[in-house]
Amino acid sequence: MRRTTRSLLTAAIAVAVLGVTACGGTSGGDGPAARSIDTSNGLVIDGETIADQALWEKAKGGNVSLATALTEREEKVITEQFKADTGIALDFVRLPTPKLFERAVSEKGAGKLSFDVIRVTDTTAAEEMAKNGVFGQTRTPFDDQLRKDGALDIGGGNFVSAFYAIYTFAYNSQAIPSASAPKTWENLLDPSYKGKIGLVNPNGSGYNTALTDMLIQDYGDRYLKDMQALGPRIFDSVSVMGTALGQGELTVGLMGANSALSLAEQGAPVVAVIPPDGVSAGYTPFGITIKGAENPAAQVFVNWQMSRAGQSKLGPLGLAPARSDVEPARMGDAVLPKPGDPNFTLFTTADRQQRQAAVLATWNGIFRYTG
Amino acid sequence: MSTQVSPPLPEVGTPAVGAAPPRRRTSARQRRGSWLPSIPLLVVLAVLILVPVGLVALAAVSVDVPRPGGFTFDLTLANLASVVSGAVGSATINSLGIATAATVLAVAIGGYVAFVTARTDAPFGRAIYACGLIPMFLPSYVGALAWAMLGSPASGLLNVAFRDLGLGLEINVYSRVGLVLVCALFYAPYAFLLIHASMTMMNPDLEDAAAIHGGSRWRMLRSVTFPLALPAVLGSALLIFVLVLENFPVAQVLATPGNIETLPTYIYRMMGFFPSRGTEAAALAVVLVAFVVLLTLAQRRVLAKRSFTTVTGKGMRARRIALGRFRWLALVPVLLYFVASIVLPLGALLVTSLRTSPFMPSFSSLLRPGALDGSAFGTVFADAQFWSSTVNSVIVAVAAALGGTVLSFAVAYVVYRTSARARAQLEAISMLPLAIPALVLGMGILWTWLLIPLPLYGTLGLLVVAFLGVQMPQGLRSVAASIRSTDRDLEDSAVVHGRSRVRAVLGITVPLMKVALSSTFLLLLMLSMRELTVPLLLYTRDTTLLSVAIFDRFENGGGSQSAAAISLVYCLLMFVLAYLPRRFGQKANA
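Residue numbers (the working numbering), protein chains in the order written: chain A, 131 to 501; chain B, 314 to 903.
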């Protein structure tokens with residue numbers, strides 16, 4: 131999908147996340163929120179039925195094994211809320227998507243799949259896992275809503291998008307005064323950032339592939355070439371790059387809004403920018419495995435994640451919920467772009483099928499990071 | 314009583330040629346030896362090592378990754394062809410250059426500290442020995458992270474200090490020089506241990522002869538002492554070269570930020586791609602094996618030209634050189650090494666674990682209210698996952714060290730003390746893991762234990778058996794050095810007087826080798842506690858190890874305060890684990 135015209139009225143929102151932490155409000159990391167929970171007839175949270183009586187009776191006291199490519203901190207916030215809401219035990223193993231793929235497919239091949247639910251950051255990897263028979267059928271009571279909101283546009287029934295990661299850029303506010311901080315994507319090509327800008331290798335990361343595609347679509351290959359001329363530092367993980375940004379080794383980094391928020395909440399002088407020319411967004415594949423299909427507790431977790439209860443935990447983390455009937459992603463008082471907004475550039479399935487290989491080839495050719 | 318002593322040689326990848334069978338009148342059948350002692354060990358080593366390595370080799374020539382359920386046996390040479398691409402070439406040149414320089418520096422540091430403590434009258438001998446050994450207990454990965462905190466170009470603590478002092482200096486540890494220095498600091502103890510052992514066991518007669526015949530002290534050192542230490546120097550150099558060449562964590566922490574491509578980071582990236590380029594990574598691993606085998610052959614060629622055997626005996630003591638007025642000066646380089654390898658890294662971890670903000674413009678900012686607190690330690694100790702990881706690490710390390718010591722002794726005994734068949738094969742298989750990057754071997758181990766119908770997958774037992782295989786080279790070399798220097802006459806006498814061979818081994822040889830076996834146990838314990846790359850592919854939530862937990866915290870970013878705190882606790886645990894066996898050993902000997 132070509133980018134839609136960005137609304138000129140959309141102001142540049144520089145979100146001083148430090149201010150958020152200074153007030154002590156970390157929302158995402160505050161621990162499980164209190165809910166209205168009714169288990170008299172299945173599991174009903176805040177008026178929404180997560181599990182009917184039959185499923186709930188089988189799932190109660192169960193245990194879920196999750197494999198995730200999400201950062202530990204974010205996954206903890208989400209799963210702690212699930213455990214608080216349901217009393218169901220949940221353990222997760224965190225691995226980067228390519229390693230998680232290797233584990234899951236190898237285990238499946240040997241008939242020893244150990245995960246009930248899988249969450250990765252790359253749709254192609256999830257599709258390959260589905261082809262290898264790792265996933266079962268991922269259905270929830272909210273499929274009508276999810277279909278309407280586009281969360282079922284991926285996965286062919288094997289997995290859905292749990293949420294969207296919003297990718298933008300952030301700067302170190304101790305190294306750059308806010309008056310001269312970058313506000314647009316073009317600003318990042320300023321020679322003053324030479325050797326001080328960081329980006330993440332998009333191979334194996336759907337989120338970074340989406341960001342690279344957006345930059346190429348909007349500004350052409352020359353944007354990447356100009357970026358390469360600045361001698362950027364390239365990382366394999368956005369988290370490691372975030373640490374370098376927080377410590378001042380970098381002054382600017384291309385990263386997820388959720389990562390910038392997380393850094394700021396931990397005291398780093400990192401400010402995320404939502405440029406008027408838009409942010410990129412990528413799907414987060416999430417599905418029940420063939421092992422999990424036999425585990426009622428796993429089905430309850432999938433249902434919960436896609437319910438309003440599970441989705442409402444995402445916005446405060448800087449992640450865009452898949453459902454439109456919950457609060458959107460926020461950083462402090464600022465609302466981040468959401469699906470459907472003109473400055474929310476989603477890397478759709480069609481985009482991926484048409485352009486992913488070319489996008490990665492272009493990136494690899496320009497940055498010569500990998501063989 | 315005199316004993317034949319050969320310095321321990323870390324021979325890699327090829328069978329020992331020096332394992333001469335006992336000289337006796339034997340029948341042709343006896344000379345050929347029996348299969349009986351070899352077969353059980355061959356089976357064990359085949360499962361632990363050969364099958365994973367075989368799967369890696371198969372992957373190197375396969376179109377598809379040979380994971381369970383995905384065997385196609387579609388073979389190709391294209392993977393090997395990709396190894397000669399330009400990017401691999403530059404990674405290879407970088408890796409070879411860094412490994413060579415780090416090896417030279419590590420051997421120089423280790424050799425110097427060994428020489429000062431073993432062969433001179435420099436004061437504080439035991440403290441110098443500790444300075445040479447202690448850096449071994451600081452995992453190179455944690456050392457690299459600590460040095461990144463010290464020497465990153467903009468925010469490194471040393472650079473902040475230089476700015477505070479107005480010195481106008483800046484160091485950059487994300488460079489080839491930085492990599493060389495950090496690798497040398499944390500691999501020097503290997504050279505120290507081997508060269509120290511060699512120098513301590515060196516018979517003074519040859520040096521006395523040189524002195525009596527009018528040779529100056531320098532000439533004696535140059536023509537007698539240092540050449541006699543050559544096997545230990547070359548052995549440790551080869552070991553360090555291979556370990557640095559394959560070291561992934563240090564390269565990932567220091568080379569990647571400096572945009573320096575190395576072979577391990579290149580392999581990691583191939584595995585980190587989606588779709589993963591596991592077959593090309595396996596092909597590259599095969600090339601690395603070839604490198605290592607060539608180096609081993611070169612080492613053997615150098616050493617085969619002359620005999621390095623010296624004779625030691627009861628009461629013999631290596632000659633000590635009087636340094637005169639340089640006695641105290643000799644301590645300065647040792648002290649500098651200790652500061653660079655222990656004091657500065659642990660100091661950096663401590664400061665980082667106490668800092669509330671990751672950004673530190675100057676040291677004076679630490680004086681501001683709230684700039685420092687110890688809450689990260691509270692967070693670490695309150696985390697149930699930390700305790701379960703610690704318990705898991707200790708259980709796995711102790712079990713792997715015990716099992717590894719027993720297995721290494723069994724293999725070494727069969728190889729060096731019997732005329733059993735397939736001794737050379739036993740040794741060659743045992744040394745294979747040293748030549749294969751752990752990243753790739755870990756994949757082979759994952760596939761193997763998914764295929765083998767034993768309920769080990771997902772348990773701590775899997776990590777134990779994985780470590781047994783991965784650390785077999787170090788275990789075997791450690792025991793081999795000792796078994797070759799332990800007299801066998803007493804054991805044979807017991808057998809002649811009617812004891813069974815097994816009872817003679819357990820009752821005589823094992824007690825004679827008690828010190829060496831406890832050293833092997835300690836070495837394997839430390840290696841198991843440090844191991845990161847292999848468990849990264851095998852761990853589950855219930856089997857997380859402390860090394861993985863630290864990696865995860867650093868990789869998760871933003872958590873450098875708690876990561877530094879957990880790293881400090883980890884180092885403390887390593888020191889305690891290293892100390893306890895010695896303490897108990899001393900009590901047992903008292």
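Do not take every clue at face value.
[What the hints assert, rightly or not] Far from chain B by the CB rule (all over 12 Å, computed), these chain A residues: (1) Val174; (2) Arg438; (3) Gln484.
[To be verified] Computed footprint of chain B on chain A; a stretch qualifies when at least three of its residues, placed anywhere within it, have a C-beta under 8 Å from a C-beta of chain B: (4) 218-229; (5) 289-295; (6) 328-340; (7) 374-381.
Hints in this document: simulated from the structure, not taken from any laboratory. Built from N, CA and C at the ideal position, the CB exists for glycine as well.
Evaluation of the provided hints:
no.	hint	verdict
1	Val174	holds, 29 Å
2	Arg438	holds, 28 Å
3	Gln484	holds, 18 Å
4	218-229	holds (count 8)
5	289-295	violated (count 0)
6	328-340	holds (count 3)
7	374-381	holds (count 5)
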